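Q: Here's the letter readout for the chains.
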Amino acid sequence: MSPTEKRTCYVASTTLLLSALEYLIPKPLPFLKLGLANLPLLVVLESFGWKEFLVLALLKVCGSSIISGTLFSYVFLLVFFGGMASAVVMKGVSSLLKGHISPVGCSVLGALASNLIQLWGASMLVYGPSIWVAAPLLLSIGLASSVILGFLASSYRKHGTMLTHDFSQGNAASWITYPHTVPFTLLAVIVVLLALEKNPLPLAISLVALFCAQKASGRKIMLVPSLVLFLSMLVLSLFEPNGKVLFSLGSLTVTEGALKDASIRAMRLVALVSASQSMVVLMPRVPGKFFSMLSLTLGYFASFRIHKKNGSFVQWIDASLSSALTGTPKAPKAPRIGLVTALCVLCALSLIVF
Amino acid sequence: MPVPCILIPVQRKTLVADTLSILISLTVVLLMVRLNPVQGGSYLNVQGTEGTYRYPLSVDRTIDVHGPLGETTVVIKDGKAFITDSPCESKACTRMAPVTKNGGFVACLPNGVLLSVASSGESEVDDVTN
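Protein sequence lines correspond, in order, to chains A and B. Numbered according to our numbering, the first sequence terminates at residue 357, and the numbering increases by one at each position without gaps. Numbered according to our numbering, the second sequence terminates at residue 220, and the numbering increases by one at each position without gaps.
Don't read these hints as lab results, they were simulated from the structure. No experiment lies behind these values; they were computed from the predicted model shown. Virtual Cβ for every residue (Gly too), placed ideally from N, Cα, C. Incorrect hints may have been included.
Stated by the list, open to error - In silico negatives: residues of chain B with every beta carbon more than 12 angstroms from chain A:
| # | residue |
| --- | --- |
| 1 | T104 |
| 2 | Y145 |
| 3 | G157 |
| 4 | E161 |
| 5 | T163 |
| 6 | K167 |
| 7 | D168 |
| 8 | K181 |
| 9 | R185 |
| 10 | G194 |
| 11 | G202 |
Unchecked claim - Quick list of in silico lysine-lysine cross-link-like pairs, DSSO-like style, CA-CA up to 27 angstroms:
| # | chain 1 | residue 1 | chain 2 | residue 2 |
| --- | --- | --- | --- | --- |
| 12 | B | K191 | A | K201 |
| 13 | A | K223 | A | K333 |
| 14 | B | K181 | A | K247 |
| 15 | A | K161 | A | K101 |
| 16 | A | K201 | A | K263 |
| 17 | A | K263 | B | K191 |
| 18 | B | K181 | B | K170 |
| 19 | A | K101 | A | K54 |
| 20 | B | K170 | A | K263 |
| 21 | B | K167 | A | K263 |
| 22 | A | K223 | A | K30 |
| 23 | A | K292 | A | K333 |
| 24 | A | K223 | A | K336 |
| 25 | B | K167 | A | K247 |
| 26 | B | K191 | A | K247 |
| 27 | B | K170 | A | K247 |
| 28 | A | K161 | A | K30 |
| 29 | B | K103 | A | K161 |
| 30 | A | K101 | B | K103 |
Only chain A is shown next, with the shape it has when bound in the complex (with noise of 0.2 angstroms):
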């Protein structure tokens, strides 16, 4: 791998540092973000060109991905499709006004574009239109985080030393994985299988099956998320009364057909984020360059460890970001695959046979 590739894979390593600093956040919604991953981006907007750029993106996109565990479900959708298009406005604008625009104003139309696209996807795919509902208060955060953002990634160019490393030398830390194809395949078929699911009760089987195995496959099950994300489209299903009414909360209206929707809406995504979960431990190895570089930025990302605070806050930065070139990576746990492959096969059988 070249050294210009290296640097990619090691710039791309630390959005995935500041994308998983931001989901120890908690927030009201599952994808209002603040979108700190962003700022090594902005950092490299006029240092990388367009290719070096789009793959870097690309890398954020899929690696921040394998690490929250929603590569195999439609949250990827959702992620892929902002972070790009952020990636595309922030390095168009930047290239077409060279010069005249500071990463404020790139980071501002960035967060505009990707928000949009999410939220449009949002309510294609998982909220239905009440997702509009919000889009006022997730569009004022974002321009009020991008603002912050752009001003201390111009910061950061200024004193920064991320991109000054020898990439030349080093021995490359690639990721570990565990693939197995059996479960993995199976994952697959249950990830179709939910998708077309519509009743309640094969879902709430195959979810606590599937929590099982993502346990098993030896990844954390965080409830936060999941609860957030029902909690928000039970809200949101207010906006769209449909059915016989249970009770009503001044002008809303608690109705039987949209807490219910709501329920398998909500129930679905989680059991198909948890099945995701337990597919990215399991992925087989893809021939490919991009692989490749995913595997080095996950690599990287394993490897960072914090320093001792020392001298000024950039240069404890640098210092902690530089520990990721020499260090060894953190082996994840091992899967126990008998055990995750018994309960794919439990989960499969009650959406076949429900």
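Given the coordinates of chain A, work out where chain B should sit on it, guided by the hints.
A: Same frame as chain A, but now just chain B:
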């Protein structure tokens, strides 16, 4: 005294494009507030003897409402709601002017079914049943 650059990274050269970007973004936010597709939507209220049902007028569908005489068939089509069939004798309800987002009501009194419109943000429809 030199000012830390994080406080004023704004340069005159980029000021125009940056301000413009922020203004575009603000305009979109304001547009979203004004053109909210969900707010101001109208709903069909269906009162039957077994409870009240509510559906958006914007989605076409057929609903069967159970009453003392049997099933009354309500259809929502192109933003209009009407009764197509009811187990009453006169079938007068099937000939009434449909309910639209502007108002109106359709009733099949023998089977205890009443269609009326409810806009979001407005107070509840008055009780007419029994």
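Q: Given the hint that K181 (chain B) pairs with K247 (chain A), does the C-alpha gap stay at or below 27 angstroms?
A: At roughly 25 angstroms apart (the allowed maximum being 27 angstroms), K247 (chain A) and K181 (chain B) satisfy the hint.
Q: Compare the distance between the alpha carbons of K167 (chain B) and K247 (chain A) with 27 angstroms, and conclude whether the hinted pair is satisfied.
A: holds, 19 angstroms
Q: Holds or violated: K223 (chain A) and K30 (chain A), Cα atoms, limit 27 angstroms.
A: holds, 19 angstroms
Q: For the pair supplied as a hint, K103 (chain B) and K161 (chain A), confirm whether the alpha-carbon distance does not exceed 27 angstroms.
A: The given pair, whose Cα atoms are some 17 angstroms apart, holds under the 27 angstroms limit.
Q: Between K191 (chain B) and K247 (chain A), is the straight-line Cα distance small enough, at 27 angstroms or below?
A: holds, 20 angstroms
Q: Does E161 (chain B) clear chain A by more than 12 angstroms, comparing its Cβ with all Cβ atoms of that chain?
A: For E161 (chain B), whose nearest Cβ neighbour in chain A is about 15 angstroms away, the distance exceeds 12 angstroms, so it holds.
Q: Is the claim that K181 (chain B) lies outside the interface with chain A correct, judged by CB distances over 12 angstroms?
A: holds, 26 angstroms
Q: Decide if the proposed pair is consistent with the structure: K161 (chain A) and K101 (chain A), CA atoms, cutoff 27 angstroms inclusive.
A: holds, 18 angstroms
Q: Does K54 (chain A) lie within 27 angstroms of K101 (chain A) when you go C-alpha to C-alpha?
A: holds, 17 angstroms
Q: Is K263 (chain A) close enough to K191 (chain B), meaning Cα to Cα at most 27 angstroms?
A: holds, 26 angstroms
Q: Does K167 (chain B) sit more than 12 angstroms from chain A, CB to CB?
A: holds, 16 angstroms
Q: Would you check whether the claim that G194 (chain B) is not at the interface survives, using Cβ distances to chain A and the 12 angstroms cut-off?
A: Correct as stated: the minimum Cβ-Cβ distance to chain A is 19 angstroms, above 12 angstroms.
Hints 1, 2, 12 and 28, counting from the list given before, are not met by this structure.
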